[in-house]
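**Student:** Generate the whole structure from the sequences, applying the supplied hints.
For reference, the chains in residue letters:
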Amino acid sequence: MTIQASEVEEKIREIVKPWKGKQGSLIPILQAIQHDFGYLQEDAIEILSREIGIPTAEIYGVGTFYAQFHLKPRGRHIIRICRGTACHVRGSLKILEKVMDILKISENETTEDLRFTLEPVACLGACGLAPVVMVNDVTYGRLTPDSIQPILENYK
Amino acid sequence: MALYRAHVLVCKGTGCKSSGAAPVYDALKEEITRRGLDKEVMLVETGCHGMCEMGPIVVVYPEGSLYCRVTADDVAEIVEEHLYKGRLVQRLLYTTPEDKVKIPHYRDIPFYKKQFRIALRNCGYINPDNIEEYIARDGYVALAKALTAMDPEDVLAEVKTSGLRGRGGGGFPTGLKWEFCRRAKGDKKYVICNADEGDPGAFMDRSILEGDPHALIEGMMLGAYAIGADEGYIYCRAEYPLAIKRLGVAMAQCTEYGLLGDNIMGTDFSFHLHVKEGAGAFVCGEETALMASIEGERGMPRPRPPFPANKGLWGKPSNINNVETWANVPSIIREGGEWFASIGTEKSKGTKVFALTGKVNNTGLVEVPMGTTIREIVFDMGGGILNGRKFKAVQIGGPSGGCLTEEHLDLPVNYESLTAAGAIMGSGGLVVMDEDTCMVDVARFFLEFTQRESCGKCVPCREGTKQMLLTLEKITSGKGKMKDLETLEELALMVKEMSLCGLGQTAPNPVLTTLRYFRDEYEAHIKDKKCPAKACSALISFVIDAEKCRKCGICAKNCPVDCIAGDRNTPYVIDQERCIKCGTCLEVCPFQAVSKV
Ligand SMILES: Cc1cc2nc3c(=O)[nH]c(=O)nc-3n(C[C@H](O)[C@H](O)[C@H](O)COP(=O)(O)O)c2cc1C
Ligand code: FES
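Heads up: the protein sequence lines correspond to chains P and A, in order.
The working numbering numbers the first residue of the first sequence as 1 and each following residue consecutively.
The working numbering numbers the first residue of the second sequence as 1001 and each following residue consecutively.
It should be emphasised that the hints constitute simulated quantities derived from the structure, not laboratory data.
For each residue, glycine too, the CB sits at the ideal point set by N, CA and C.
Check each hint, because a few of them may be wrong.
[Claimed, not checked] Estimated spans, in silico, between C-beta atoms of each pair:
#1 P:Lys156 with A:Thr1096: 41 to 47 Å
#2 P:Pro150 with A:Phe1116: 38 to 44 Å
#3 A:Val1249 with P:Arg76: 28 to 34 Å
#4 P:Pro150 with A:Lys1527: 44 to 50 Å
#5 P:Arg76 with A:Lys1029: 28 to 34 Å
#6 P:Glu10 with A:Lys1188: 34 to 40 Å
#7 P:Tyr155 with A:Val1597: 36 to 42 Å
#8 P:Tyr155 with A:Leu1470: 33 to 39 Å
**Tutor:** Here is the structure:
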């Protein structure tokens, strides 16, 4: 998918419009850009910088600080494997290893076909069901290395 | 209003949802309608009941019978037996893990029996998306009382009398904090709710946000009234999409009912509330970093003073409290500060919600009076250790907390007792560990977390945690020296003393407490090159007992690196040089011939 430069520009203007002149809007704007484009692409950041008068260095500063923002394209489905304490003591490392083995990627990487991105996270707040994995917005609990494979097959 | 003879409550909290509550709800709806009971039986979606381990949970009132691990296939039986014939479905009732007794009533289940619910009083009882249900449980009574019959100073005095202390970690007296902000100069003030809940192993804030959002909103309004603020922010982590959605619904309903906006309840009091979505950084839970993040900057802590009470959000006096802290406020104003102060211990008043997780039978959320012992929580309510294993430690307070041992089981839990033992109350996460958990690995695990989450602004935290992590990795991989323990202790004290914010100041706690209580495990890793819990893969090996081996070859077939040899006449043997210690052979052997040594 290639988007024309003019289209990017138009889109960014649209995103920025409701925030013009408001305090503390950089993070929600970046969240909106990422929502629409999938990640924070370089040209989008440059246009944004011009539109809101914040230097690109500062935008990158914010964009790289928070785990939520991505500067590279990501997979269609995001697998978040909980590596929190409760999940750790109930064997989340084995789940992570199994997923890395199935998808042949490491942590924070994306499969070549852009099907999956694998992200370890600190805690998904469903510790009662440890170990826990979230695929997109769906939480799966009480997992074993064997039960993870069929779950992944549901996501094409 | 229609009268119903029975209410069926289905938990739609995150835990039960991921265990499959949605199909159960749909099946119930269909079956109740199909049997023509929809005029007599009301079906309600609620927030979390707390006993996530047993989810999906369905509770039927007026009896108060709690059904565990319900699936869509059980629904026809529940409707037929319970709702039609008035008989309990025995097989779905909670069964105690030791003596296998079935318990028909919610209240009698040990997990709930010792609970005293203030912050969680509505969670699991009401539909969080319906303000009427909150109002029916005395919701917004406290706000009406405050706005019409109390001065802001009276509200402040009531909170001070209650002795409420911050539930987000520090335990600072809430009334005093409010007073600082009230007395601060400035015509514009903010109240903020910290809903970043970053401690792994804690999910009480999530439960309140998802199960009773109005309690939080009412608490914030009472705080704003007492302090003289007219605007508020809820900073909620993006990992909680359901919480953000429910807050949005609750706020829209408040606006519709005239409970948010200008001239609330026809008084001079006005209050506007916003939700800010976090962007995934643990350090943003620290209050000054959180404010920087709301302002749209990198979420890095700022040195104090100036304190937020004087110069907080956008340089204005601001008061920040945790979700659970706010949720306690309506009950305090409604029932009185004296009432709240009558619960708990001398210096720690009221209740605390604990998230019980790890190697324990009943994981979930429990709210108990301060002063309850760890034994009561882990063994009476939690039903003891999973699979009958032996208790080893409980980690309390998240990455800033510490590990406590068997000798602390009878410690009454309060802010002072935990700090004295080297842990902290923190947000109230209790992770139970058994004999299979390696304490050195746990310390390494936490350091890996804090090291990754260190924002990098101050050197002691950024570099110190890194060096500590490297040392711990050396020990868990069997390359440690006795001198490393001294280095670790030295580094730990340095990082604790010199870091800028709470993250670095508390990061060494897991290392210091494990060194204090489990030094023998460290020494075993270093001197004997052994991991007593058999958890550190570099220090264990897998062996096949030639006597027990029936030469089936399943292990060899499943070994990912083909390092097991043998045949129908010779027992199988693992080549230790090439073994990657994945443990597959141990899992697949049908004759338990493989063991970890
Ligand atoms: C690194 C770090 C992370 C924190 N994370 C949280 C958090 O996730 N939630 C929270 O309520 N408080 C957190 N705190 C504590 C807050 O800084 C602050 O003390 C608290 O929100 C005050 O509210 P309280 O008085 O009601 O507890 C954190 C502190 C530090 C140093
Ligand atoms: S530790 Fe995994 S969900 Fe909390």
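**Student:** Hints first: check each against the structure and report whether it holds.
**Tutor:** Cross-check of the supplied hints:
1. P:Lys156 with A:Thr1096: 41 to 47 Å: Holds - the Cβ-Cβ distance for lysine 156 of chain P and threonine 1096 of chain A, about 44 Å, lies within 41 to 47 Å.
2. P:Pro150 with A:Phe1116: 38 to 44 Å: With Cβ atoms ~42 Å apart, the hint holds.
3. A:Val1249 with P:Arg76: 28 to 34 Å: At roughly 29 Å between Cβ atoms, arginine 76 of chain P and valine 1249 of chain A fall inside 28 to 34 Å, so the hint holds.
4. P:Pro150 with A:Lys1527: 44 to 50 Å: Holds: the Cβ-Cβ distance is about 45 Å, inside 44 to 50 Å.
5. P:Arg76 with A:Lys1029: 28 to 34 Å: holds, 32 Å
6. P:Glu10 with A:Lys1188: 34 to 40 Å: Holds, since glutamate 10 of chain P and lysine 1188 of chain A (Cβ atoms, about 37 Å apart) stay within the stated range.
7. P:Tyr155 with A:Val1597: 36 to 42 Å: Holds, at about 40 Å.
8. P:Tyr155 with A:Leu1470: 33 to 39 Å: Holds, since tyrosine 155 of chain P and leucine 1470 of chain A (Cβ atoms, about 37 Å apart) stay within the stated range.
Of the hints listed earlier, there is not a single one the structure fails to meet.
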